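**Student:** Listed here are the chains, written in short residue letters.
Number of protein chains: 2
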Amino acid sequence: MRYVTHLECIVCKRRYPPDPDKYLCTCGGLLEVAYDYLRLSREWDRMSLAHSADYSMWRYRPLLPVRGDIRPPLRVGWTPLYQCPRLAEDLGLKDSLWLKDDGLNPTGSLKDRASALAVAKAREAGASTIACSSTGNAASSLAGNVASLGGGMQAVIFVPKRAPQGKLAQLLIFGAKVISVQGNYREAYELSAAAIQRWGWYNRNAAINPYLVEGKKTAVLELAEQLHWQMPDWLVLTVGDGCTMAGAGKALRDLWSIGFIDKVPRLIGVQAAGCAPIYRAWARGEQLIPADENTLADSIAVGVPRNPDKALAAVRDTQGVMVTVEDAEILEAMKLLGRSSGVFAEPASAAGVAGLKRLVAQGTVAPWHTVALISTGNGLKDTANALKAAGQALKIEPDLDKLAAYLEGETP
Amino acid sequence: MRYVTHLECIVCKRRYPPDPDKYLCTCGGLLEVAYDYLRLSREWDRMSLAHSADYSMWRYRPLLPVRGDIRPPLRVGWTPLYQCPRLAEDLGLKDSLWLKDDGLNPTGSLKDRASALAVAKAREAGASTIACSSTGNAASSLAGNVASLGGGMQAVIFVPKRAPQGKLAQLLIFGAKVISVQGNYREAYELSAAAIQRWGWYNRNAAINPYLVEGKKTAVLELAEQLHWQMPDWLVLTVGDGCTMAGAGKALRDLWSIGFIDKVPRLIGVQAAGCAPIYRAWARGEQLIPADENTLADSIAVGVPRNPDKALAAVRDTQGVMVTVEDAEILEAMKLLGRSSGVFAEPASAAGVAGLKRLVAQGTVAPWHTVALISTGNGLKDTANALKAAGQALKIEPDLDKLAAYLEGETP
Numbered sequence: 001m002r003y004v005t006h007l008e009c010i011v012c013k014r015r016y017p018p019d020p021d022k023y024l025c026t027c028g029g030l031l032e033v034a035y036d037y038l039r040l041s042r043e044w045d046r047m048s049l050a051h052s053a054d055y056s057m058w059r060y061r062p063l064l065p066v067r068g069d070i071r072p073p074l075r076v077g078w079t080p081l082y083q084c085p086r087l088a089e090d091l092g093l094k095d096s097l098w099l100k101d102d103g104l105n106p107t108g109s110l111k112d113r114a115s116a117l118a119v120a121k122a123r124e125a126g127a128s129t130i131a132c133s134s135t136g137n138a139a140s141s142l143a144g145n146v147a148s149l150g151g152g153m154q155a156v157i158f159v160p161k162r163a164p165q166g167k168l169a170q171l172l173i174f175g176a177k178v179i180s181v182q183g184n185y186r187e188a189y190e191l192s193a194a195a196i197q198r199w200g201w202y203n204r205n206a207a208i209n210p211y212l213v214e215g216k217k218t219a220v221l222e223l224a225e226q227l228h229w230q231m232p233d234w235l236v237l238t239v240g241d242g243c244t245m246a247g248a249g250k251a252l253r254d255l256w257s258i259g260f261i262d263k264v265p266r267l268i269g270v271q272a273a274g275c276a277p278i279y280r281a282w283a284r285g286e287q288l289i290p291a292d293e294n295t296l297a298d299s300i301a302v303g304v305p306r307n308p309d310k311a312l313a314a315v316r317d318t319q320g321v322m323v324t325v326e327d328a329e330i331l332e333a334m335k336l337l338g339r340s341s342g343v344f345a346e347p348a349s350a351a352g353v354a355g356l357k358r359l360v361a362q363g364t365v366a367p368w369h370t371v372a373l374i375s376t377g378n379g380l381k382d383t384a385n386a387l388k389a390a391g392q393a394l395k396i397e398p399d400l401d402k403l404a405a406y407l408e409g410e411t412p
Numbered sequence: 001m002r003y004v005t006h007l008e009c010i011v012c013k014r015r016y017p018p019d020p021d022k023y024l025c026t027c028g029g030l031l032e033v034a035y036d037y038l039r040l041s042r043e044w045d046r047m048s049l050a051h052s053a054d055y056s057m058w059r060y061r062p063l064l065p066v067r068g069d070i071r072p073p074l075r076v077g078w079t080p081l082y083q084c085p086r087l088a089e090d091l092g093l094k095d096s097l098w099l100k101d102d103g104l105n106p107t108g109s110l111k112d113r114a115s116a117l118a119v120a121k122a123r124e125a126g127a128s129t130i131a132c133s134s135t136g137n138a139a140s141s142l143a144g145n146v147a148s149l150g151g152g153m154q155a156v157i158f159v160p161k162r163a164p165q166g167k168l169a170q171l172l173i174f175g176a177k178v179i180s181v182q183g184n185y186r187e188a189y190e191l192s193a194a195a196i197q198r199w200g201w202y203n204r205n206a207a208i209n210p211y212l213v214e215g216k217k218t219a220v221l222e223l224a225e226q227l228h229w230q231m232p233d234w235l236v237l238t239v240g241d242g243c244t245m246a247g248a249g250k251a252l253r254d255l256w257s258i259g260f261i262d263k264v265p266r267l268i269g270v271q272a273a274g275c276a277p278i279y280r281a282w283a284r285g286e287q288l289i290p291a292d293e294n295t296l297a298d299s300i301a302v303g304v305p306r307n308p309d310k311a312l313a314a315v316r317d318t319q320g321v322m323v324t325v326e327d328a329e330i331l332e333a334m335k336l337l338g339r340s341s342g343v344f345a346e347p348a349s350a351a352g353v354a355g356l357k358r359l360v361a362q363g364t365v366a367p368w369h370t371v372a373l374i375s376t377g378n379g380l381k382d383t384a385n386a387l388k389a390a391g392q393a394l395k396i397e398p399d400l401d402k403l404a405a406y407l408e409g410e411t412p
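Taken in order, these protein sequences are the chains called D and V. Position one of the first sequence corresponds to residue 1 (this note's numbering), numbered consecutively onward. Position one of the second sequence corresponds to residue 1 (this note's numbering), numbered consecutively onward.
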């Protein structure tokens, strides 16, 4: 907290002390964590960071709103960054394409970054119960991080009826109290909000809690450091609630303000065509209108996103763009990514590849542009949809001659 | 390859030059990679290793049998090591218990270490096709590592007819040629062996190919370095075909021989009671007898293990022990591990926790002993069994009063 000055409302600019359980402005606006950039840039630099032996999200502590050293033991962050020349070629790009595989976080998604921070803040607030509503990844990351910290803390998770079995299994193994709300995400969210209010639990809903965006931003802080602070022309993220995009915007503002980067990539926000309320607000310049949730990319199927303002500001401030993709393109992108790069991404992550493909095809992203993508979730979280994408195995009798006939017929 | 001197048969001690595609001795015995330990210990030390910025399995290159810098791009290794005080307490241990989560490798298992090495050796051998017969972790790690390397290399995977669709999905996403042999596992294995022979493909079979154990051993090299070379009293691994245990034994021998460690932990090998041929050979001091495969821990359900000799030698040479566990204990251990430590392990990994629990209960492992476990596979690989272990979510209508009735009824 050394460099945190205050919380500030993004609407009315009112300021608040940075209390761990302060969520919204009295005007209803979202709050944002403000840092003393001047002091930060005098007391911290890229060189001292380079000497840090902490290969986790906590290496960016001067830019994180945490006190003391309360942190869950799981090793969150410092996920690998891969250069993907064959994927670039497949998409029609001539220059560098980078992919950061955040599906290799401890519970399999970028959400571990927000949850680790939430658990640290809950402990700071003296809370013994921490709750969220989630389509899955936020939930499993919260459950895992709470389990790793121990100390009697309990995670209470509200999930919509459609949450995939893999994600539920994880929650239950981690010992969370799992409440399967027999309805959609909106209903799960509303029940969680009411319960948090009623029982005074710590709120790990990323849109409301201003600290969580600070956890999410570490994905982009890392990306920048792994690229030796040479930012690409574009940075691609998929958008559900909007908090990951908000985190990216915050990371870029922080890094620019303290002089760690001298170029800000344009942000690309990808939504599924079957659930694109933020895209529509961006495209039409209008207020957000709730949408249905008709996509297999469950992690970004958010009909009533709670954080459109920060996400839209991030896209607009960077002269970014938004785009939608059909489910068929998402499945195709899963295959494309797996084959070209050895990364197995869940549909909501592969949507980023599909969106980039569209933008290259339509000329928004030029072949000579450099691009980075963040894959936010592990494909093992949703093998049912992977199977739809993957195609079929070759069925053959246990007979070498039959195999030979097939292989030689196929590859003359 | 700088420090590799030769390959040596573990049965007749005959020596061979370390060619990348040399598999077995003419006597049929397994080969082992030999290093010039004297030169290694003169030219390499723990301090120079500590300065390496390569946080992957390749940081141990002086102890790896690879030439040049051919390696698949996926970041394999340097998985996190956690101290688990609450798990220790649950098991009745008073001192340190460490868990290394190898399920956080790129395709979700320790097998990535062997596959990355196999792909490097295949490239060295000039092979463009690399094959194995498996439905599980070996297959997906091979497919993923091949996809990441590109360069026209093709993975060919032989699976039996019964291979579950979910597992095929990952292989197909990675673009492997998946051959579904319309027969049982033995027929799939035999067809793969015949095909490898006929077309001269590179053989990624961990028991046959002496280099793969060298990849697997990096899990223990890392563990030792992460523990600052202070080895625990016991090191727990689960045993299927025996190659991971063989790798552990090799790592300890290497580290001892070059003076990096001055204590060798006793190895604990855990098998599922429903498929325990290596345990039986160990307990009775007899030759191995094939077993049925009656356990839900599919990754260690190997009725005819191909590498019992190296595994048994590793356990015996370290004054280790073996133990079996029932499926019910494995499911219970998945839950115990998840709740106490935030690590989601597949059944074959959780079996290690179950085995340790047994050995503490029966007094073989004393409360004041220090122990390390390696969790070899990610729980997301097998969510069906996780659900059996975890229980069910609470299903509730989106209604706060109904939730209150439940919560208040539950916690008066």
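If you are wondering where the hints come from, they were derived from the structure by calculation, not from laboratory data. Heads up, a few of these hints could be off.
Copies of the same chain look alike in the list, so a pair counts if it fits in one copy or across any two.
[What the hints assert, rightly or not] The list that follows gives simulated cross-link-like pairs (lysine to any residue, SDA-like), each with its CA atoms no further than 25 Å apart:
hint : residue 1 : residue 2
1    : K94       : D399
2    : K402      : E225
3    : K177      : D90
4    : K263      : S48
5    : K335      : S128
6    : K161      : A313
7    : K263      : A384
8    : K177      : P18
9    : K402      : M153
10   : K13       : A384
11   : K310      : Q197
12   : K161      : A384
13   : K161      : D19
14   : K335      : G92
These figures come from a predicted structure and were not determined experimentally.
**Student:** All the hints need checking, so say for each whether the structure fits it.
**Tutor:** Outcome of the hint check:
no.: 1; hint: K94 to D399; verdict: neither (44 Å within a copy, 54 Å between copies)
no.: 2; hint: K402 to E225; verdict: neither (52 Å within a copy, 49 Å between copies)
no.: 3; hint: K177 to D90; verdict: between (44 Å within a copy, 20 Å between copies)
no.: 4; hint: K263 to S48; verdict: within (21 Å within a copy, 36 Å between copies)
no.: 5; hint: K335 to S128; verdict: between (43 Å within a copy, 21 Å between copies)
no.: 6; hint: K161 to A313; verdict: neither (32 Å within a copy, 51 Å between copies)
no.: 7; hint: K263 to A384; verdict: neither (40 Å within a copy, 47 Å between copies)
no.: 8; hint: K177 to P18; verdict: neither (29 Å within a copy, 55 Å between copies)
no.: 9; hint: K402 to M153; verdict: between (58 Å within a copy, 23 Å between copies)
no.: 10; hint: K13 to A384; verdict: neither (45 Å within a copy, 49 Å between copies)
no.: 11; hint: K310 to Q197; verdict: within (24 Å within a copy, 60 Å between copies)
no.: 12; hint: K161 to A384; verdict: both (16 Å within a copy, 18 Å between copies)
no.: 13; hint: K161 to D19; verdict: neither (34 Å within a copy, 56 Å between copies)
no.: 14; hint: K335 to G92; verdict: within (17 Å within a copy, 46 Å between copies)
Comparing the model with each numbered hint stated earlier shows that hints 1, 2, 6, 7, 8, 10 and 13 do not hold.
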